[in-house]
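**Student:** Chain residues, written in single-letter form:
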Amino acid sequence: MKKLPLYILLTAAAVVMIYPLLWLVGASFKSNEEIFSSAWFVPSSIDLSVYVRAWRTVTPYTMGHYFLNTFLIIVPKTVFAVVSSVLVAYGFARFDFPLKRLFFALLMGSMFMPAIVTVTPLYMLWSRLGLHDTYVPLTLPALFAAEGAFVFMLVQFFRGVPREFDEAARIDGCGSLRLLVYILVPCIRPVIVSITVFTFLWTMNDFLTPLIMISSVEKYPLSLILRLSADSTGDGYELRKIIAMSVIGLIPSAVVFAAAQKRFIGGITEGGLSG
Amino acid sequence: MKKRSYRNPVGVGKYTGLLLIMPFIIGFSAFTLYPFAASFVLGLTDYDGVHSPGFIGADNFADMLAGSEFRGAVWTTLKYTLVLVPLKLAVSLLAAVLLNAEIKGMGVYRTIFYVPSILGSNLAIVIMWQFLFTSGGLADQIMESVGLPAIGWYGSSGSAMAIIVLLRLWEFGSAMILFLNALRDIPAEYYDAAKVDGCGRIRAFFRITLPLLGRVMFLNLVLQTIAAMQEFSAPYMITGGGPMKSTYTIGMLIYDEMFRFHNVGYANAVSWAFFVLVTAIVLVLFAVTRRRRGEDT
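Listed in order, the protein sequences are those of chains A and B. Counted from 1, the first sequence has number 98 at position 98 by my numbering; the numbering is strictly sequential. Counted from 1, the second sequence has number 14 at position 14 by my numbering; the numbering is strictly sequential.
Just so you know, these hints were derived from the structure itself, not from any lab. Hints should not be assumed to be uniformly reliable.
Unchecked claim - Which residues of chain B face chain A? A partial, calculated answer using Cβ under 8 Å:
1. Pro9
2. Thr16
3. Ile226
4. Gly251
Just so it is clear, CB atoms sit at the ideal spot from N, CA and C, and this is done for glycine as well.
Next comes chain A alone, as it looks inside the complex:
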């Protein structure tokens, strides 16, 4: 029972950590008065109809529409990120070429680049190309290994794959690209899963880029529709509807996190990437 104080401490901390989320779910069933009268998260009654109203949103479109929009961004972005990061990491991990160290330093440096400083010039660039209010500015950069962290992670894993694999394949007449696809990619499948998971979560969370790039309501991803509904304080201002929309908006990330949970906390370093 020497561990008891530790358990008590951890449990207390865990309650503090999780309580806001419990409160959020509970508050989606509470009237405005109840929200401001009780700190206890369990609602006095459960009326699921608020979720029906939340699903309809404050626009002519349903939450389903905004989910679909978000996935239309996530899917190409993920494919782009995986393909480009794998190619670049393969180049860094397995080949020698001029200025290699310089480029690798730039890659590392780009990981420490605050996105906010590139927002204005990139907005100007995309507008001039006529791509404002399309998903191109949100997805295309992923095709150019925009996340240095992914490349870095892949390089580490490539180094763990014995070079004898390469040599054997080359002796059998395998070219550089076939070697990558048939020998190396199967070895690094776990990292590819991680890249997919992170691209998913980051895109779900991204707010600034869609905020400046997407202007029509029908093209909004989830984050923007949440902002819109939080700002629309009009008729019969009903907190629980906004809160229910927030809960709905969190479900995809929560599901992906639950499914990939081991990957984050099971001793794999990628966990540190989350923000």
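Starting from the known structure of chain A, arrange chain B on it as the hints suggest.
**Tutor:** Quick look at chain B alone, frame taken from chain A:
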């Protein structure tokens, strides 16, 4: 990167690698180098997004340095960073040390501590946070229940800043995971040896654990500093930058000048200056911690 030179395989030219990293070269040029150059050039103009831009020299930069707006936003951003980052590092390290103990059910605690980091930057959470601190909201109710007076969280500059600091502090999970992984790499023999020498737990932490965490501490410091310095969505959604601009970060300044007031030239000048400032801070962090991080960097 540790240089381990190996020759390319037979039949592979020295440009194959260069070809493979071409996506990065293009991407870096288009999405990092170009914005850096473009924001500087646009910063030298009076462009308003409508009329054709006129060259005005360093006027924007002079205005920026002379006026209170930019300096105020820089100061707010730095203050926020200086409060948040040390707190976050301390809390995440403490949590990592506690969670490193070998007890049953640790996986559950790790997951719970980590969840806010995963969901936290989702806008839904930012909106929720805003409700938690409205007058009579959960924060006030909890304060009342322990006998403290309810304070108008959004009314004073210190408490408004506290709302945002608390939100980001709550999301300490990713820093914690990095610490946790580093803690696991410390061989248990070190602690056994210390014990034999009569070294207590607390002293072992300061003499063994902390020095060995130098590298990951630095990584967390840099990552968290950069994240804090570009804080935008929380002040934008929760406080609107107020009261009296006390939570008005550089991110908000850039956004407002660009997209609300259409001072394109000025917004770009600010972006560029901030770019330089962040780079300088990161370089200083690198330089200051070089000795502590050891030779292998």
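**Student:** Going through the numbered hints above, which ones does this structure break? Give me the numbers in ascending order.
**Tutor:** The structure conflicts with no hint, since it agrees with every one listed earlier.
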